[in-house]
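Chain X is already provided as a structure; the job is to place chain U with the ligands on it using the hints.
So the sequences go chain by chain: X and U.
Every position in the first sequence, counted from 1, becomes a number in the working numbering once 95 is added.
Every position in the second sequence, counted from 1, becomes a number in the working numbering once 26 is added.
You can take every hint at face value.
Where chain U lies over chain X, by a calculated footprint (3+ residues, C-beta under 8 Å):
id, region
1, 109-120
2, 361-368
Each computed DSS-like pair below joins lysine-lysine, with the alpha-carbon atoms no more than 27 Å apart:
id, chain 1, residue 1, chain 2, residue 2
3, U, Lys-44, U, Lys-32
4, U, Lys-120, U, Lys-465
5, U, Lys-456, U, Lys-120
6, U, Lys-120, U, Lys-79
7, U, Lys-32, X, Lys-307
8, U, Lys-44, U, Lys-346
9, X, Lys-307, U, Lys-44
10, X, Lys-99, U, Lys-120
11, U, Lys-346, X, Lys-99
Honestly, the hints are just simulated from the structure, not real lab data.
This structure is a prediction, so every number in the text was calculated from the model and none was measured.
Where is the CB? At the ideal position from N, CA and C, for every residue including glycine.
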Amino acid sequence: MERKLILSSSPHLHGEQSTEQIMRAVIYALLPACAVSIYFFGLPALRVLVLCTLGCVLAEIACQRLMRRPAAWRDGSAALTGILLALNLPPASPWWLALLGSAVAIVVGKQVYGGLGHNPFNPALVARVVLLISFPVQMTTWSAPTPLGSGLDLVTTATPLGEMKNAVMLTGRLPEALQGSSWDYFLGNMGGCLGEVSALALLLGAAYLFWKRILTWHIPLSYLGSVVVIAGIFWLVDPSRYPSPLFHLLTGGLMLGVFFMATDMVTSPVTPRGMLIFGVGCGLLTVLIRLFGGYPEGVSFAILLMNAATPLIDRYTRPRAFGEAPSSKAAG
Amino acid sequence: MMRKLKTFRGGLHPPEHKERTARLPIEDCPLPEELVIPLSQHIGAPAEVCVAKGDKVSRGQLIGRARGFVSVPVHASTSGEVLAVEPRPHPSGKWLPAVVLRPDGADAWGEAPTPVDHRELAPEQLRELIRSAGVVGLGGAAFPTHVKLSPPPEKPIHTLLINGVECEPYLTADHRLMLEESARILTGIDILRRVLGARRVCIGIEANKPDAIAHLDEVCRGTEVEVAALAVKYPQGAEKQLIAALVGREVPSGGLPMDLGVVVHNVGTAAAVADAVAQGMPLIERVTTLTGPALVQPKNLRVRIGTPLRHLVEVCGGLKVDLAKIICGGPMMGAAQLSLEVPVVRGTSGVLLLGEDDKAARAEGACIRCGRCVRACPSSILPTTIAAYARLDRFEDAERFRAMDCIECGCCSYSCPAAIPLVQAVRHAKAAILARRRKL
Ligand code: SF4
Ligand code: SF4
Numbered sequence: 096m097e098r099k100l101i102l103s104s105s106p107h108l109h110g111e112q113s114t115e116q117i118m119r120a121v122i123y124a125l126l127p128a129c130a131v132s133i134y135f136f137g138l139p140a141l142r143v144l145v146l147c148t149l150g151c152v153l154a155e156i157a158c159q160r161l162m163r164r165p166a167a168w169r170d171g172s173a174a175l176t177g178i179l180l181a182l183n184l185p186p187a188s189p190w191w192l193a194l195l196g197s198a199v200a201i202v203v204g205k206q207v208y209g210g211l212g213h214n215p216f217n218p219a220l221v222a223r224v225v226l227l228i229s230f231p232v233q234m235t236t237w238s239a240p241t242p243l244g245s246g247l248d249l250v251t252t253a254t255p256l257g258e259m260k261n262a263v264m265l266t267g268r269l270p271e272a273l274q275g276s277s278w279d280y281f282l283g284n285m286g287g288c289l290g291e292v293s294a295l296a297l298l299l300g301a302a303y304l305f306w307k308r309i310l311t312w313h314i315p316l317s318y319l320g321s322v323v324v325i326a327g328i329f330w331l332v333d334p335s336r337y338p339s340p341l342f343h344l345l346t347g348g349l350m351l352g353v354f355f356m357a358t359d360m361v362t363s364p365v366t367p368r369g370m371l372i373f374g375v376g377c378g379l380l381t382v383l384i385r386l387f388g389g390y391p392e393g394v395s396f397a398i399l400l401m402n403a404a405t406p407l408i409d410r411y412t413r414p415r416a417f418g419e420a421p422s423s424k425a426a427g
Numbered sequence: 027m028m029r030k031l032k033t034f035r036g037g038l039h040p041p042e043h044k045e046r047t048a049r050l051p052i053e054d055c056p057l058p059e060e061l062v063i064p065l066s067q068h069i070g071a072p073a074e075v076c077v078a079k080g081d082k083v084s085r086g087q088l089i090g091r092a093r094g095f096v097s098v099p100v101h102a103s104t105s106g107e108v109l110a111v112e113p114r115p116h117p118s119g120k121w122l123p124a125v126v127l128r129p130d131g132a133d134a135w136g137e138a139p140t141p142v143d144h145r146e147l148a149p150e151q152l153r154e155l156i157r158s159a160g161v162v163g164l165g166g167a168a169f170p171t172h173v174k175l176s177p178p179p180e181k182p183i184h185t186l187l188i189n190g191v192e193c194e195p196y197l198t199a200d201h202r203l204m205l206e207e208s209a210r211i212l213t214g215i216d217i218l219r220r221v222l223g224a225r226r227v228c229i230g231i232e233a234n235k236p237d238a239i240a241h242l243d244e245v246c247r248g249t250e251v252e253v254a255a256l257a258v259k260y261p262q263g264a265e266k267q268l269i270a271a272l273v274g275r276e277v278p279s280g281g282l283p284m285d286l287g288v289v290v291h292n293v294g295t296a297a298a299v300a301d302a303v304a305q306g307m308p309l310i311e312r313v314t315t316l317t318g319p320a321l322v323q324p325k326n327l328r329v330r331i332g333t334p335l336r337h338l339v340e341v342c343g344g345l346k347v348d349l350a351k352i353i354c355g356g357p358m359m360g361a362a363q364l365s366l367e368v369p370v371v372r373g374t375s376g377v378l379l380l381g382e383d384d385k386a387a388r389a390e391g392a393c394i395r396c397g398r399c400v401r402a403c404p405s406s407i408l409p410t411t412i413a414a415y416a417r418l419d420r421f422e423d424a425e426r427f428r429a430m431d432c433i434e435c436g437c438c439s440y441s442c443p444a445a446i447p448l449v450q451a452v453r454h455a456k457a458a459i460l461a462r463r464r465k466l
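The following block holds chain X by itself, in its conformation from the complex:
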């Protein structure tokens, strides 16, 4: 009997969620957003979701086989990347766009760096940006929402952010149509990517993650807060030219970015103070890119840029160790 005794060192208890449980919980948290996207955009949305999820998982398995790494696709991280990618694509995306995106996300965004935990950039965002630059037409063909049962076919339309951008560029003013539709934006009744449409569904998912203690408040709050403050300043200066903070909050995938992309653990800082800096950086860049950049949408670029800054942030936000004199902190 005693030969079977285990002689590991302390601690002998292991608590809290495993990596797989965390990934699974984030997937659950995204289900409301998936459901809403299927409700508003119908079968095309479902198709994009299925293609991306399968595409990412298959790409992950293929990479792990080829690179002779342990088959770790069961950890759920590839499926999660797939869902996130789908939520970042337009509902009318052709099948090849979804599959190509999946391959880019897993191969270029993740496996070349060594797989889970080693990628500096959020894989889904890498794929989105690559697609956006390579296939601008397909990536910006937006469908108007056609709620299930309404019997309508997909019709192309503009996203609120795109509309804003065009109007400001052409006329120097915000379009009239943008005033007063926040409620539709909040529920998701507007054109856009699958996952950027319903702030409500995303907030539901985020609430679940807070309850599960998977999200901490640092990145979401600093990101949202800085968007409100910075967008608010512009709006106060010239409300005819710059949209209100509420408009910023409810459009263009901000909620998706704040709660599910910026908070990607692998690519954001590990210290609470680092997370705050990261969130503020994301908020600042998002608003600046939206208002002054070449693309109407700033969330993806903002997060990717801050991903690049993460190692630096981590380096300079080492907390003061217990009992360490305030002045002696100099790890860098």
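Below, chain U with the ligands without anything else, positioned relative to chain X:
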């Protein structure tokens, strides 16, 4: 009205598992067939044996002499015959010299212990009585108590903290001691306070032991001893974390509590100090919790030092499942054992027996940078970063990230979703840093 309980930064709250034994009164454990009394039961130089095979010894008789200042003597736990002086399995995992004793059943003292009134003795005399009784920290660290009672004159002690936190899951020995033997504890506190000349005395207890808090509050009424309820959070009982909670100051990195004018002693140690001085009895027994899902009948036991774990398991009704793990101490910081032949020593605050189902082993994965270890670390260092450096043998970087400030509480490993053995890696880094310092 809920007052916010005092506590420290970081930490976590593992399941307590204390319900098994928290209500069970302390029982006297019968003597085993054979006692194995190691000569090294404290931090510092092992005692030097002064009996030989075949000798008859009486209860409380000196069997090992202290060697040096950071060392304490060892005494026979009962009367009987010395069967051997030889290396035996020790809770440290090694085979270390021990006196093997066969009890004669009489349990007779050589000369009856002589009680003294501590109020008539000077601090040096008290310190000497404590040392010669072999008193060490009973919270688990087993550091010789008299050393902690000898601060240099330039570091006057104004505060004596008594540690009744018992934050390790499963353990209830200190809890029962506080409920059942508070008089001993208070006598001990009085002696400790006189030796140190401390003005403030405070007993810290985790708020999950409301009965102990209420009882000590009651018996301390009218004395100058405060009783403080502390947040239920591991490792609230770690010395520096306890001081942070009760004194509101952090022990400087690399420093000692006495740098802040504070000394911390465990409640069990206070009781042993009372025995040593007021009863004139050496430290030959302690209260320990025998518990764990593999055990038929968990108990809080008063055990003679040197009792093999096998005997304790029998006293507790045996095992109900195959043993997978034996742990001396709590599950967070205790040490896994090779066999049940290991004896209870002075530092054995509990024994935890786990079956196959309780191992909670998980395959190690890649760090997903979730930051949980960082948030949990009571030392506010970055376990994941230090572990990564340790794996690359970059110990200078590990040191720059303050690996030496790790208190080895295990919060990081506990909280890691990827099951990375973080504290093990940090320990490895600490050892390497120390080795390098010695060479320089
Ligand atoms: S690094 Fe050390 S002090 Fe920090 S949580 Fe891990 S074991 Fe505890
Ligand atoms: S808890 Fe584990 S996975 Fe999370 S940051 Fe620390 S080492 Fe990495």
